[in-house]
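Peer 1: Knowing the structure of chain A, use the given hints to seat chain G on it.
For the protein sequence lines, the chains are A and G, in the order given. My numbering numbers the first residue of the first sequence as 1 and each following residue consecutively. My numbering numbers the first residue of the second sequence as 1 and each following residue consecutively.
Simulated from the structure, these hints should not be mistaken for laboratory data. Quick caveat: nothing in here was measured; it's all calculated off a predicted structure. No residue lacks a Cβ here, since even glycine has one placed at the ideal position from N, Cα and C. Be aware that one or more of the hints could be misleading.
Some, not all, of what chain A presents toward chain G, calculated at C-beta under 7 Å [stated by the list, open to error]:
hint, residue
1, S78
2, Q102
3, R110
4, T172
5, R174
6, N175
7, R231
Using C-beta positions, here's what the derived DEER-type ranges look like [what the hints assert, rightly or not]:
hint, chain 1, residue 1, chain 2, residue 2, range
8, G, A151, A, S92, 25 to 33 Å
9, G, S81, A, Q88, 36 to 44 Å
10, G, S81, A, M145, 29 to 37 Å
11, G, R202, A, G140, 33 to 41 Å
12, G, K121, A, A118, 30 to 38 Å
What follows is the residue order along each chain.
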Amino acid sequence: MADKVRKDAVQALDGLLFDGMTIMAGGFGLCGIPENLIAAIRAHGVKDLTVISNNCGIDGFGLGVLLENRQIRKMISSYVGENKLFEQLYLSGELELEFNPQGTLAERIRAGGAGIPAFFTKTGVGTLVAEGKEVREFDGELYVMERGLTADLAIIKADVGDTAGNLVFRKTARNFNPMMATAGAKTVVEVERLVAPGELDKDHIHTPGIYVDAIFEGAAFEKRIERVTTRPRAVEGAGAGGDV
Amino acid sequence: MAWTRDQMAARAARELQDGFYGNLGIGIPTLVANYIPEGVEVTLQSENGMLGMGPFPFEGEEDADLINAGKQTITELAASSYFSSADSFAMIRGGHIDLSILGAMQVAANGDLANWMVPGKMVKGMGGAMDLVAGVKRVVIVMEHTEKSGAPKLVKACSLPLTGQSVVDLVVTDLAVFEVNRGRSPLRLIELADGVTLDEVRAKTEASFEAAAA
Numbered sequence: 001m002a003d004k005v006r007k008d009a010v011q012a013l014d015g016l017l018f019d020g021m022t023i024m025a026g027g028f029g030l031c032g033i034p035e036n037l038i039a040a041i042r043a044h045g046v047k048d049l050t051v052i053s054n055n056c057g058i059d060g061f062g063l064g065v066l067l068e069n070r071q072i073r074k075m076i077s078s079y080v081g082e083n084k085l086f087e088q089l090y091l092s093g094e095l096e097l098e099f100n101p102q103g104t105l106a107e108r109i110r111a112g113g114a115g116i117p118a119f120f121t122k123t124g125v126g127t128l129v130a131e132g133k134e135v136r137e138f139d140g141e142l143y144v145m146e147r148g149l150t151a152d153l154a155i156i157k158a159d160v161g162d163t164a165g166n167l168v169f170r171k172t173a174r175n176f177n178p179m180m181a182t183a184g185a186k187t188v189v190e191v192e193r194l195v196a197p198g199e200l201d202k203d204h205i206h207t208p209g210i211y212v213d214a215i216f217e218g219a220a221f222e223k224r225i226e227r228v229t230t231r232p233r234a235v236e237g238a239g240a241g242g243d244v
Numbered sequence: 001m002a003w004t005r006d007q008m009a010a011r012a013a014r015e016l017q018d019g020f021y022g023n024l025g026i027g028i029p030t031l032v033a034n035y036i037p038e039g040v041e042v043t044l045q046s047e048n049g050m051l052g053m054g055p056f057p058f059e060g061e062e063d064a065d066l067i068n069a070g071k072q073t074i075t076e077l078a079a080s081s082y083f084s085s086a087d088s089f090a091m092i093r094g095g096h097i098d099l100s101i102l103g104a105m106q107v108a109a110n111g112d113l114a115n116w117m118v119p120g121k122m123v124k125g126m127g128g129a130m131d132l133v134a135g136v137k138r139v140v141i142v143m144e145h146t147e148k149s150g151a152p153k154l155v156k157a158c159s160l161p162l163t164g165q166s167v168v169d170l171v172v173t174d175l176a177v178f179e180v181n182r183g184r185s186p187l188r189l190i191e192l193a194d195g196v197t198l199d200e201v202r203a204k205t206e207a208s209f210e211a212a213a214a
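With the rest of the complex left out, here is chain G:
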């Protein structure tokens, strides 16, 4: 059985270590906040200018001046702080954030990432994604293993415009977990989802990879 979105998020959450400052992207990465392991304290950054993101507010307590990068209402915590977008990205680009968990359209064996643009379709913009992958110490991607069409998303080389070159450290899909290591070592499968076979993963992956002894 392939992993569900929540199981993928839970697996990605295991990359968070106690004391980390982290940034979560929109979509499945947002779910990661629900699976932070017991005993691990993580400070979440929101790139529109906040450290220490709290949970969603109770109904009736929303504050128009307090939103996350996905424009959802949120709350603050006792240790939260606010700052400008320039300070926020100085934090990101200056290498002060430990981990970023993002979604993707394609990841290549060399760690290239494409997640912002499909030529010929309306382009919404890259937002903070290019800054995050260029500056954050460790970049974890959470994505479905294939497109809805069945086309592989873990590819030899990205055909879509890049978000960053050799920036991905780890990929969690619904079928498996891969160590990418920014292309400094060969792509390596390190975990299979329960009940998923190596043959199935090979059939659905364009990039060639090594498999860790299971």
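With the rest of the complex left out, here is chain A:
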């Protein structure tokens, strides 16, 4: 059986990076991002990247560091509001941008990984998103055709993985990671804890190892929080979501 275990991000990415490639990066905001792999891609310097990720990190962290180093040519995202440098590069024409509705982005990646070249959705009908795309009527409703999405490389963050590549994600850090793991020609995963086969409950594995080409335990995880929001201890049972 192929050995999937690598010692670190640099070894895990060895031979997989080339200029002009397309990379999918898991995460929502800074939650569940493959921070060790992003740092290694920054250090490698590979450029002209097309990056598919819901967001583009923040200034100085997450995918923001690849922007700073001018390694990204094009972003495919649903929301990039947290990033000043992004705005600057986009407005000066240095950076291309394709916006996808978040659910369309997730489904495009899921479809890509499942060998489905296109699908129809109601999302975006009658908006800029549908421009230039086929619109078809089904049962009296209009739907727009969206294409499946794949990448040369998917970089993924999971909480725990075993040496066979089986993955378990934690809380909302799951987000785009499971679909992206299926849609990369090569999929590289960093985990907070790497365990031996048999240690994970087989009924609770989120991503089966077939999708994973390389896996390593991250040396350190900063796990920055974008918006620390708390409630005072005195108030019990404040409404869900709380006051802002």
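Peer 2: For chain G alone, kept in the frame of chain A given last:
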């Protein structure tokens, strides 16, 4: 007196029914969670992959792996569940969410909604808004009645790029509540904020509307 942001949120919260699965947008819609009526149990969805959003954590108990769609730290409840973004939007696009409460830049009499883009300004992206309005059973908009400039936001036709066509069911502003019904019936004013007159609302609204007998 026009309604405050909290009063608008409280009015929108009355649209929540016991047992509903709901999704709240960023801004005033987030405040709706504070006004869920007594005896009404609602499960809140966060489109980054969670059902059963709990309150903000106590200081020192934040978890970087547990955030809402606004990237704020939150907590889980006993019945919460986590899932991927694809599962989350299958829920939304498949029509399984009962109610979505969102903000808006413009709403038209036919139910068109614009809330993601102002041409010529930096565009941040639509996030999950287009999916929510396309898939959720009922869409309630909470917004100021006019722009800061005084320009009406309830218009004959949206001049800004659309988020969705004929998707809005109800609009709550600081002045009044309107039934939009996705444009299937004429726009109708159904409630005035305390002390607000019909004449004031007419003067600040571009779209023509009927007024329910008050």
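Peer 1: Hint by hint, note whether the structure agrees.
Peer 2: Here is how each hint holds up against the structure:
1. S78: Result: holds, 5 Å to nearest chain G Cβ.
2. Q102: The hint holds - A:Q102 has a Cβ within 7 Å of chain G, the shortest such distance being about 4 Å.
3. R110: holds, 4 Å
4. T172: A:T172 check passes; min Cβ-Cβ to chain G is 5 Å, inside 7 Å.
5. R174: holds, 5 Å
6. N175: Holds. Min distance 5 Å.
7. R231: holds, 4 Å
8. G:A151 - A:S92: 25 to 33 Å: Since the Cβ atoms of G:A151 and A:S92 sit about 30 Å apart, the hinted range of 25 to 33 Å holds.
9. G:S81 - A:Q88: 36 to 44 Å: holds, 40 Å
10. G:S81 - A:M145: 29 to 37 Å: For A:M145 against G:S81, whose Cβ atoms are near 31 Å apart, the range 29 to 37 Å holds.
11. G:R202 - A:G140: 33 to 41 Å: About 36 Å separates the Cβ atoms of G:R202 and A:G140, which means 33 to 41 Å holds.
12. G:K121 - A:A118: 30 to 38 Å: holds, 32 Å
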